[in-house]
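Visitor: Quick note on numbering: the UniProt record's numbering labels position 52 of the sequence shown as 52, and the sequence is numbered without any gaps.
No lab work stands behind these hints: they were computed from the structure. Keep in mind the model is a prediction, meaning the values are calculated, not measured. Certain hints may be false.
As a list, the in silico DMTMM-like pairs of lysine to aspartate or glutamate whose alpha-carbon atoms are at most 25 Å apart [claimed, not checked]: (1) Lys22 - Asp38; (2) Lys80 - Asp38; (3) Lys7 - Asp38; (4) Lys18 - Asp38; (5) Lys11 - Glu44; (6) Lys36 - Glu59; (7) Lys18 - Asp51; (8) Lys80 - Glu19; (9) Lys58 - Glu28; (10) Lys18 - Asp56; (11) Lys80 - Asp56; (12) Lys18 - Glu8; (13) Lys22 - Asp51; (14) Lys58 - Glu86; (15) Lys18 - Glu59.
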Amino acid sequence: MQILRLKELLKEKSITGKELVKSIGITETSLSRIIKGDQQPRFELLLKIADVLNVDIKELFVSTKDGSSKIQVIINDKLKTFATIEDFKIFANSL
Numbered sequence: 001m002q003i004l005r006l007k008e009l010l011k012e013k014s015i016t017g018k019e020l021v022k023s024i025g026i027t028e029t030s031l032s033r034i035i036k037g038d039q040q041p042r043f044e045l046l047l048k049i050a051d052v053l054n055v056d057i058k059e060l061f062v063s064t065k066d067g068s069s070k071i072q073v074i075i076n077d078k079l080k081t082f083a084t085i086e087d088f089k090i091f092a093n094s095l
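Let the hints inform the model, and build the full structure from the sequences given.
Guide: Here it is in structure tokens:
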């Protein structure tokens, strides 16, 4: 799973990777792997990231500024779309 907007959100919020990892309790290597899509974060970690960045969890995947409510994730080079956060949570917990 690749978090499409994490790098963009860090820049937008003026938060460094070092600050984020310190706040959420992971290593810089883990954060790098998450950004690249090489590591799949658990739902609980996504919640922590969203909290630190002060965004709705949907913002990690797709900008909701345009009113979009779908969650889009790239998994194994395929785009998956979820209508609700509950649908995504069920899917993420099945990984």
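Visitor: Provide an ascending list of the numbers of those earlier hints which the structure does not satisfy.
Guide: Hint 8 contradicted; others consistent.
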